[in-house]
Each structure stands twice: as structure tokens, then as C-alpha cells.
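Enquirer: Take these sequences, add in the hints, and give me the full structure.
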Amino acid sequence: MRLAHRMAIESEWIRADMVEVSEFPYLITRYQVMGVPLTVVNETTFIEGARPESAFVEEVLSALSASSESET
Amino acid sequence: MAFLDERTRQELQRRWAELVHPVRLVFFTQELECPTCRETGQLLRETAELSEKIHLDVYNFQLDREQVEAFGVDKIPATVVMGERDYGIRFYGIPSGYEFASLVDAILAVSQGDSGLSPETREKLRRVKEPLHIQVLVTPT
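From first to last, the protein sequence lines stand for chains B and L.
Reminder that position 36 of the first sequence reads as 36 in our numbering, one-by-one numbering, no gaps.
Reminder that position 79 of the second sequence reads as 79 in our numbering, one-by-one numbering, no gaps.
Derived from the structure by calculation, the hints contain no laboratory data.
Hints are all accurate, no fakes.
Which bits of chain L does chain B cover? Going by a derived footprint, with three or more residues having C-beta under 8 angstroms, they are:
#1 80-89
#2 114-123
#3 129-141
Covered, in the sense of this in silico footprint (three residues per stretch, anywhere, with C-beta under 8 angstroms from a C-beta of chain L), are these stretches of chain B:
#4 6-14
#5 40-54
Restricting the straight-line Cα-Cα distance to at most 25 angstroms, the calculated cross-link-like pairs of lysine to any residue (SDA-like) are:
#6 L:124 with B:65
#7 L:75 with L:36
#8 L:129 with B:45
#9 L:124 with B:12
A quick note: this is a predicted structure, and the numbers were derived from the prediction, not measured.
By construction, the Cβ of each residue, glycine as well, lies at the ideal position given by its N, Cα and C atoms.
Expert: Below, the structure written as C-alpha cells:
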């Protein structure tokens with residue numbers, strides 16, 4: 001969680017939510033949560049489990065290339 | 001009954017000595033049909049009262065629609081942690097247990113206006129020019 005919030009501080013394009021998902025059961029269904037932490041980026045990219053900083057950042061940023069094929 | 005025990009309060013007071021700029025906690029709540037709203041409000045009050053640099057604003061999710069819209073919150077309890085500006089940091093649900101440490105970390109980071117991330121990560125994030133919405137789903141610990 002700390003990494004995501006810190007990324008939000010670093011970039012004005014990034015916002016980061018902690019979601020205590022047991023309080024919002026509909027999200028367990030929507031994102032088919034099997035385990036936590038589960039990170040959902042732009043509704044399209046899913047990261048299961050925790051990661052070191054560099055790996056987490058790479059996977060979060062992969063959401064951008066997933067949504068815009070033209071970027072290299 | 002206090003939410004934070006004496007040891008946690010002392011630890012927090014020690015951490016809050018590192019605060020630099022004022023921090024604003026914006027809390028969205030309602031009385032009914034929100035089992036953890038009351039507890040979350042108490043946790044935030046006890047957290048904020050240990051430093052004059054931390055200010056807590058409380059809004060009603062049903063009635064204060066203008067603020068709800070302005071901060072873009074869509075469920076409650078919701079807590080915005082902001083410093084000199086709104087960095088886009090939100091906590092949905094009660095930030096207790098392990099996530100209380102995340103709340104403390106977020107408060108310190110926005111107060112210091114520094115992400116603390118590595119130079120490599122900062123460089124990568126500088127290239128981001130499109131919105132990224134990160135939701136980290138957790139369960140109580």
C-alpha cells in the first residue's frame with residue numbers, strides 16, 4: 001500500500017486507493033478477489049501479492065502500454 | 001474507550017515530530033448503514049489530536065455532495081490524506097491493523113512532500129502522462 005500512495009505523491013497523474021475490501025463485498029465479486037493484496041490498475045491490470053518497488057512500478061506502468069498499443 | 005492504546009499514542013507522538021507541512025485528513029462518513037464509519041472517525045480523531053499539524057475535516061457522505069464530488073469519493077468510510085495539495089491518496093474502509101501503518105506513512109510522506117522513492121522509480125514516473133488509478137485491495141489484519 002505504501003508504494004502505491006508514494007507513487008501518487010510522485011506523479012500528479014497517479015491516484016491510489018487503499019480499499020479494505022471486506023467492507024465492500026461487491027468489489028470482491030467485481031475483481032474476483034482470491035487473495036490479498038490484490039492491486040487493480042485502471043480496471044485492466046491485476047497484480048497479485050506484494051512486490052519490491054522496481055517490480056511493482058513496472059507492473060503498474062504496464063497498464064499504460066496495455067491500453068495504448070502505439071506507445072513504445 | 002480510546003481506539004489507540006498508550007504505547008501506540010507515544011509511538012505516534014514520536015513519529016509526528018517528523019511532520020513538516022500541515023496535513024489535512026478529509027473524512028467522509030454517515031450515521032447509518034456504515035458499520036465501520038464510527039470507529040474510523042474515532043481512529044482519525046485520536047490520530048489527528050496528537051499533532052497540531054494534522055487537521056481533520058468531517059463531511060457527511062449523503063449531505064455534503066459538493067465535497068463528495070470535489071474529492072471524488074464513491075464509498076464510505078473514505079479518508080483523503082492531503083498535504084499542500086491533494087495527491088490523490090484515499091483510504092476506503094477503516095485503516096486499522098497493518099493499514100494503520102500505511103496511514104501513518106502516508107501522513108508523513110505528504111507532510112514532507114517527498115515520496116521517498118528511488119531515483120530510478122522517479123525517472124520512470126516522470127514519463128507518465130496519462131491517468132493511472134491504483135486500487136490496492138486488502139483485508140483486515
